[in-house]
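Protein chains in written order, with UniProt numbering: chain S, 1 to 413; chain Y, 1 to 413.
It is possible that part of the hints are untrue.
Claimed, not checked - To list a few chain S residues with every Cβ distance to chain Y over 10 Å, as calculated: (1) A21; (2) R106; (3) G282.
Said to hold, decoys possible - Pair ranges (Cβ atoms, derived): (4) R367/Y with T237/S: 45 to 51 Å; (5) G236/Y with E339/S: 40 to 46 Å; (6) T237/Y with R257/S: 36 to 42 Å; (7) R367/S with T237/Y: 44 to 50 Å; (8) E117/Y with G350/S: 29 to 35 Å.
Please keep in mind that the hints were generated in silico from the structure rather than gathered at the bench.
Every residue gets a Cβ at the ideal spot worked out from N, C-alpha and C, and that includes glycine.
Number of protein chains: 2
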Amino acid sequence: MTTEQIPPPQRLLMGPGPTNADPRVLRAMSAPLVGQYDPAMTGYMNETMELYRQAFRTRNQATLLVDGTSGAGIEAALVSLNEPGDRVLVPIFGRFGHLPKEIAGRCGAEVHVREVEWGQVFTPSAIERAIAATRPKLLALVQGDTSTTMNQPLEEIGQICRRLGVLFYTDVTATLGGNVFEMDLWGLDAATSGLQKCLAGPSGSSPVSLSPRAAEVVNGRRHVEAGIADGSAPVGTRIASNYFDLAMIMDYWGQARLNHHTEATSMLYAARECARLLAAEGIDNAVARHRLHGEAMLAGLRGMGLEVFGDVVHKMNNVVAVRIPDGVDGDAARTALLEDYGIEIGTSFGPLHGKVWRIGTMGYNARKDAVMPTLAAMEQMLRSAGAAVVAGGGTGAAREIYQDARLPAGARA
Amino acid sequence: MTTEQIPPPQRLLMGPGPTNADPRVLRAMSAPLVGQYDPAMTGYMNETMELYRQAFRTRNQATLLVDGTSGAGIEAALVSLNEPGDRVLVPIFGRFGHLPKEIAGRCGAEVHVREVEWGQVFTPSAIERAIAATRPKLLALVQGDTSTTMNQPLEEIGQICRRLGVLFYTDVTATLGGNVFEMDLWGLDAATSGLQKCLAGPSGSSPVSLSPRAAEVVNGRRHVEAGIADGSAPVGTRIASNYFDLAMIMDYWGQARLNHHTEATSMLYAARECARLLAAEGIDNAVARHRLHGEAMLAGLRGMGLEVFGDVVHKMNNVVAVRIPDGVDGDAARTALLEDYGIEIGTSFGPLHGKVWRIGTMGYNARKDAVMPTLAAMEQMLRSAGAAVVAGGGTGAAREIYQDARLPAGARA
Numbered sequence: 001m002t003t004e005q006i007p008p009p010q011r012l013l014m015g016p017g018p019t020n021a022d023p024r025v026l027r028a029m030s031a032p033l034v035g036q037y038d039p040a041m042t043g044y045m046n047e048t049m050e051l052y053r054q055a056f057r058t059r060n061q062a063t064l065l066v067d068g069t070s071g072a073g074i075e076a077a078l079v080s081l082n083e084p085g086d087r088v089l090v091p092i093f094g095r096f097g098h099l100p101k102e103i104a105g106r107c108g109a110e111v112h113v114r115e116v117e118w119g120q121v122f123t124p125s126a127i128e129r130a131i132a133a134t135r136p137k138l139l140a141l142v143q144g145d146t147s148t149t150m151n152q153p154l155e156e157i158g159q160i161c162r163r164l165g166v167l168f169y170t171d172v173t174a175t176l177g178g179n180v181f182e183m184d185l186w187g188l189d190a191a192t193s194g195l196q197k198c199l200a201g202p203s204g205s206s207p208v209s210l211s212p213r214a215a216e217v218v219n220g221r222r223h224v225e226a227g228i229a230d231g232s233a234p235v236g237t238r239i240a241s242n243y244f245d246l247a248m249i250m251d252y253w254g255q256a257r258l259n260h261h262t263e264a265t266s267m268l269y270a271a272r273e274c275a276r277l278l279a280a281e282g283i284d285n286a287v288a289r290h291r292l293h294g295e296a297m298l299a300g301l302r303g304m305g306l307e308v309f310g311d312v313v314h315k316m317n318n319v320v321a322v323r324i325p326d327g328v329d330g331d332a333a334r335t336a337l338l339e340d341y342g343i344e345i346g347t348s349f350g351p352l353h354g355k356v357w358r359i360g361t362m363g364y365n366a367r368k369d370a371v372m373p374t375l376a377a378m379e380q381m382l383r384s385a386g387a388a389v390v391a392g393g394g395t396g397a398a399r400e401i402y403q404d405a406r407l408p409a410g411a412r413a
Numbered sequence: 001m002t003t004e005q006i007p008p009p010q011r012l013l014m015g016p017g018p019t020n021a022d023p024r025v026l027r028a029m030s031a032p033l034v035g036q037y038d039p040a041m042t043g044y045m046n047e048t049m050e051l052y053r054q055a056f057r058t059r060n061q062a063t064l065l066v067d068g069t070s071g072a073g074i075e076a077a078l079v080s081l082n083e084p085g086d087r088v089l090v091p092i093f094g095r096f097g098h099l100p101k102e103i104a105g106r107c108g109a110e111v112h113v114r115e116v117e118w119g120q121v122f123t124p125s126a127i128e129r130a131i132a133a134t135r136p137k138l139l140a141l142v143q144g145d146t147s148t149t150m151n152q153p154l155e156e157i158g159q160i161c162r163r164l165g166v167l168f169y170t171d172v173t174a175t176l177g178g179n180v181f182e183m184d185l186w187g188l189d190a191a192t193s194g195l196q197k198c199l200a201g202p203s204g205s206s207p208v209s210l211s212p213r214a215a216e217v218v219n220g221r222r223h224v225e226a227g228i229a230d231g232s233a234p235v236g237t238r239i240a241s242n243y244f245d246l247a248m249i250m251d252y253w254g255q256a257r258l259n260h261h262t263e264a265t266s267m268l269y270a271a272r273e274c275a276r277l278l279a280a281e282g283i284d285n286a287v288a289r290h291r292l293h294g295e296a297m298l299a300g301l302r303g304m305g306l307e308v309f310g311d312v313v314h315k316m317n318n319v320v321a322v323r324i325p326d327g328v329d330g331d332a333a334r335t336a337l338l339e340d341y342g343i344e345i346g347t348s349f350g351p352l353h354g355k356v357w358r359i360g361t362m363g364y365n366a367r368k369d370a371v372m373p374t375l376a377a378m379e380q381m382l383r384s385a386g387a388a389v390v391a392g393g394g395t396g397a398a399r400e401i402y403q404d405a406r407l408p409a410g411a412r413a
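Only chain S is shown next, with the shape it has when bound in the complex (with noise of 0.2 Å):
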C-alpha cells in the first residue's frame, strides 16, 4: 500500500466544533521539538499557565493542560475531585450534561441528575433546590452545550455553591474565549475546556483550573507512583486513575516536576498558541466578536426563512441550531453543502437527530467572511433540496447586522 502525505480538502468547518484553526496555531505545532525538561520547555509550561489563567479569569495556581481530548480534562477533575461513594448533582440540558454523569458514575460517586427540557436552562433557584435535595459534594454544570446550543448562567450559582459547601465544577469547552466566563468572580472550584471550539485550535489538549479549595481536595489525595519518587506515603484514597491524577499531574506541572507523563510538546505548542491570541486579541474583544458574528448568523439565518431552535435569550455566542425545513433530508443536504461548497454544518445528537442542523461561528471562523459564504451556500443547498427559501434573505439580513455594528478597536475582524 502506498499513503500518500496527508493532502486535507479546504473545508470551511461551519460545524459545532472542530472548527479551522488560525494558521498560526498550526506554524506553532511546526515547530522543532525540546526536551521534556529544558528550560525553554519547562518556560513555556510557566508561560501556558499563565495564559490559560488569563482565559479562565483565575488566579489558581492550578491550571494546567491535561493531555488529551477536552473529555480528558472532565475525566480528570471528576476522578481526581470524587471518591467512591460521593454524591454529585448534574444538572442536564443536553448530550454533554450526560457525559459528566457518566463518567461521575464510573468513578463511583452517587450521581443524582435534573433534567430540563432540550433547548432550555436552569434557573439558580432550580439548582439550588436540587443542591437543597441532593446534598452533593460536587455540582457538574456544562457551561455551553453545543447539543442544544444553550449556555447556562452560572454567575448566581458559584455563591450558593459556597454557602452550601458544594464544590462546583464546569465544563467550559464549547464556550471559553467566545462567551462571558469568570472563573473567580462566579465562585467555580474547577473548569475544563478544549482547544477546537472557540480557541481556534484542534483537539487534544485540554485547559483544565482548579481552585486552592479543588485543589486541597486533590492534594489530600496525593500519592506518588513508585519508582519516581520516595519517602512520600500516600493520603486519602488513592484517585483511582494513574493518567488522570490531577495530584501527579500538578507535581510534574509545579516546582518539582515529577515525571508523570512525556508532555505532548506540539499540542502545547498549539495550546500556548491559542491562549496566546486570545490574549493578544483581549478577552473582552474576542467575546464581543463571537457574539457580533453569531447574531449576524442567526439573524441571516432567520432571513432566509429558517426557524431557530431553543431558547435564543440563553443560546450561546458562537453556535445557533435550526429547524431542517419539512420534506429536506438533513444529512444528504448536510452533504451536498460538504460536496459542493466545501462547507461543513453540524448534524445533531439524540433526540434532535435529523430534526435540526447545528452551525457554528467560532475560533478561526468568527468572521464575516466565513458568516457570509456560509448564508450564501445554505441558500443554494436549501433551494436546491426544494425547500422555500427567501432569496437573498440570509446574507440581506446578516449585512444588515454588520451595517449597525462595531467591534471594539482591538477585536481580530
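Let chain S serve as the given structure and place chain Y on it in line with the hints.
Okay, now just chain Y, sitting in the frame of chain S:
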C-alpha cells in the same frame, strides 16, 4: 504580559526520548483541519489503522489511536481488559514496569509482581513459573524499558500465555519501529505505543492494537453512553473510565462511528505520517538502521572510555546507558552539553539517578550525523568536567562501525 510566538531553540535530542520529530511529521501537523466525520477524516482514520497494523505486524481489526500520551494507551488497555479483582502479573525490570503495576492497581486488580535487578531481563521460564504461581488473567510486560535500556525477549512468552490461558499485553512505546516486534507471530493480545521514540513523532498519540481475543473481552463490557445511542443495554462490568473505554473507542473507529470524543486531528495527522514513513522505509530497514546507529553509539561511548550499564546482549537498539565517571556531576555536565552544544542526553530514574546517563539514537535521530556530533561534543564535555577521556576515541570507534556496515537499500540513512 506579552508572550511571543513559539520560538524553540534548536536542540539535538539524544536522550531516551522524546527525540526530534521528522520534519515531515511536523509538516503533517500543520495541515488544515477537516471535520471529524468528513469522508477525508474517516479515510485518514482507516488508513492510520492499516498503517499501524503494519507497524505492529498484526492483522488485528482493533488497531487504532488513543488520544493522549503513551500512558493513555497503557491505561486504556489495562482498565478495559481488567475488572476489579482480576489478577494481573507484572514482571518489573525498570521504571516502566512500575507503571502498569500502578495502573492495574488503581483499576482494582490484584497485582502480582516479579522483579529482576535493573539492567537484567526475565527468562521465559521465570515468567512461566510466575504465571503458574499466580494464575493471572493478564500478563503485563514492557518490551523495552528505557530506564535500564533493556529489551525483554517476548518471542516465547506468547506461547506460554496461550497454553496457560493468560492474556498477554506489552508496552512497546520505547521499541516500536526500532526493534523487532511481531504482534501476531509472538501471540500478543494487546500492545500500546507512543510516537516520540523510534517513530519520530511528538508525544501525544498512543497507537493501540487488540487481538480478537482481547477485543472480545473488552466488548464483553460494552456500554454505550446515554445521549449517544439507544437500545444497546450494558453487558459485563462497566469499564471504570469513559475516556479509556476501548469498547467505545472501537465503536468510534469502526463502522458505527459512534461519537466518543473529538479526534485530535493534528495528532492523528502526525501519527499517520509517522507510520507512513515507517512503511515507506520498511520496518526491517528501520530496525536495521536503529541497530547500526545504536551500535555506533555504543562503540563510540566505549571508545571514549566510558563503561556501559546493564546486560548489553539485551540492550535495546535505540538507547544505551553509560556510567557517569567518578567525580563528574552528571546533571551539571548534561546542562553544559545542552548550553554549549545544543545537545540533550538523558538523566535517570530511581536507583540509577546520578549514576548513569542515557543516550538515545532513535527515530529521526538514528542517523550518522546525529551520532557523530554527539560523540564529539561528549568528549569535550567530559574533558571540561575533568574526566579521563580518550581523545578521538569516540568518533573513531563509531567510524569503524560505519565503515564495516552496510545498511539495506531502503533504509533512510
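Okay, which hints does this one fail, numbers in order? 1, 2 and 8
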